[in-house]
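There are 2 protein chains.
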Amino acid sequence: MADTGTASATTPFSLAVDAMGGDHAPESVLDGLELAAERHPHARFLLVGDEARLGALLATRKRAAKVCSLRHAPEVVSGDLKPTAALRIRGSSMRVAIDAVAAREAAGIVSAGNTGALMALAKIVVKTLPEIDRPALAAIGPSARGDVVMLDLGANVQCDARNLVEFAVMGDAFARSVLGLTRPTIGLLNVGSEELKGDERVRQAAETLRDSAFGENFRGFVEGHDIAAGTVDVIVTDGFTGNVALKTGEGALKLMRDLLRQVFTSSIPARVGYLLARPALDRLREWMDPRRYNGAVLIGLNGVVVKSHGGTDGTGFAHAVDVAMDMVTHRFNDRIREGLGRLSEAAPRADAASR
Amino acid sequence: MADTGTASATTPFSLAVDAMGGDHAPESVLDGLELAAERHPHARFLLVGDEARLGALLATRKRAAKVCSLRHAPEVVSGDLKPTAALRIRGSSMRVAIDAVAAREAAGIVSAGNTGALMALAKIVVKTLPEIDRPALAAIGPSARGDVVMLDLGANVQCDARNLVEFAVMGDAFARSVLGLTRPTIGLLNVGSEELKGDERVRQAAETLRDSAFGENFRGFVEGHDIAAGTVDVIVTDGFTGNVALKTGEGALKLMRDLLRQVFTSSIPARVGYLLARPALDRLREWMDPRRYNGAVLIGLNGVVVKSHGGTDGTGFAHAVDVAMDMVTHRFNDRIREGLGRLSEAAPRADAASR
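Here the protein sequences line up with chains A and B, keeping their order. Using this note's numbering, read the first sequence as starting at 104 and increasing by one per residue. Using this note's numbering, read the second sequence as starting at 104 and increasing by one per residue.
Please note: incorrect hints may appear among the correct ones.
The list treats identical chains as interchangeable, and a pair is accepted whether it falls inside one copy or across any two copies.
[Said to hold, decoys possible] Straight-line alpha carbon distances no greater than 27 Å define the calculated DSS-like cross-link-like pairs of lysine-lysine that follow:
id	residue 1	residue 2
1	K185	K226
2	K185	K165
3	K357	K300
4	K357	K226
5	K357	K230
6	K169	K230
7	K300	K185
8	K185	K230
9	K226	K300
Just so you know, these hints were derived from the structure itself, not from any lab. Since this is a predicted model, take the numbers as computed values, not measurements.
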């Protein structure tokens, strides 16, 4: 399980990069790779898109040029294209990059393109891990006590107990790989923290986790306010609730930011007050910077799939590359398999101890 | 449908008040009634609890004394008591107050006591409206565009399409009665705003609402960020998602408040900055004051049931009384019945116009 440097040991390329996806692509993607090349000098990127345009952009980005190989793709999946339509465009930069992952030329893909299309293509072309029932969408966000992983954020609107347990295993692997935690704590999102709360689904998932080798780090049920409080490192929930919770939290923070902006421009003293408090406010802004948390991952597939926010800049895209590189370097899928093993290995112990 | 003043036309008392429930009861309750008496001089309250103690407190609260009648209840439902245990205490202030609603002595109840016990007692003693399948928990919160009603906040962890439709009808009646809106807009919480998003349940509920007389004010699917944005007046969702969303939003705002406190105490200039911006920041704080939004309601029962936050003070309790009085005055349950009528009346029209 020793790390083998930042380049993947088993594929020619660490990552395939969809150079044409995103509002400011390909410039933002290339800016991101220029930063990424500095942080991951041993990585090799397969840069997919309009060859002529990308070649010209690489000419002014020396570091990126050193770590990138170009592959031409004549088409682009537009942001509003339906996933079913995207599936039919075989020459898109997204598709060609995903094909490289499926062919094991690259260990993963990063794209700032159409989310629905990326998820559908990845599921169909890269395919789900045989050990996993359904892939999940995960992301990292800020909390009062450090970064928190949450999943599923919308890949599955309906989930059963088994899905939730697998999400816990994958979330644990993700927190180990990307947050570098050795023993991430796990919580199952529910409407109350008592054992009898919620529906059959969450109660059954909780029982399975409690009785497994994860029991030690499983903190049982957590509630909505525990997300921002950072009560646990990994928050597990179904895709419907997770999607709503993520967007509700983001919406609340956005409202607060908008109101603060109003406060600090409402009078001359308030403007002066803002200037005086600015260094501290800037630290707060930096801490909450969405670019730091850029990179939602579709996990549970035969390869690393990272979705960068479509509107991000080079700094944000580089963060998405960081997430993908962490997953490749730390052999994320091997960790999932280990986790699934811990789940079943422990079952006999739990059976013996059960009432 | 004309209002008949603030006293109920059909019951001797406008509201029964559980005087002993809540962290600071009975003082906070009496303080609240002193304020409420000023705002609702024609209301009559049945004050239930320890007669001797309440009598002494009323002696120093002249306004409350004028509008309150005392009824003795020797016991109190403690905050940590299980609902099943609370059901067995027939002499509790909560139970005696609820009994008064069931006996049609009072049009509703306000309690700051044990939420689970109040919900269970209300459902069993006051009973669900015959036209409604399941009662729901609703509350009002702040948004960028004014107050927003959200339900269900946790009364039902599992809901079908019919439940969601009934929640929409009840939420509409609530927004009319308490927010004073004549045509509240309604949105169904989902993981995306496109018609094909989500599960069968939300799609079916959306179709029913769209094809009914509510169609005009039904805005279709909304997402988590629409809650704080105030995109619609009434947000409808199942109790699991609603509970998580509410607590997630509250958690995010709390985190932001805590961080701002840190910012403004982090340096001398920041402290001075705070003092300069303080009037505007105080307006923001006042706008978000949880006491202004105190009063979650269990709706769909044969009487008005309002739960005040347990830790609130007199100002907060008075707000919960305001909510209950608005519901009594505006004959909330009649509005639900009207809404259910609009749901079915419109069905033939929708059939005629359907593809």
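Going through the hints against the structure:
1. K185 with K226: For K185 and K226, the Cα distance is within 27 Å only inside one copy (15 Å; across copies 46 Å).
2. K185 with K165: Neither: 36 Å inside a copy, 67 Å across copies.
3. K357 with K300: between (31 Å within a copy, 24 Å between copies)
4. K357 with K226: neither (32 Å within a copy, 38 Å between copies)
5. K357 with K230: neither (36 Å within a copy, 41 Å between copies)
6. K169 with K230: neither (31 Å within a copy, 73 Å between copies)
7. K300 with K185: Answer is between: at 12 Å across copies they meet the 27 Å cutoff, but 38 Å inside does not.
8. K185 with K230: within (19 Å within a copy, 47 Å between copies)
9. K226 with K300: Classified as between; 18 Å across copies, 33 Å inside a copy.
In this structure, the earlier hints numbered 2, 4, 5, 6 are contradicted, and the remaining ones agree with it.
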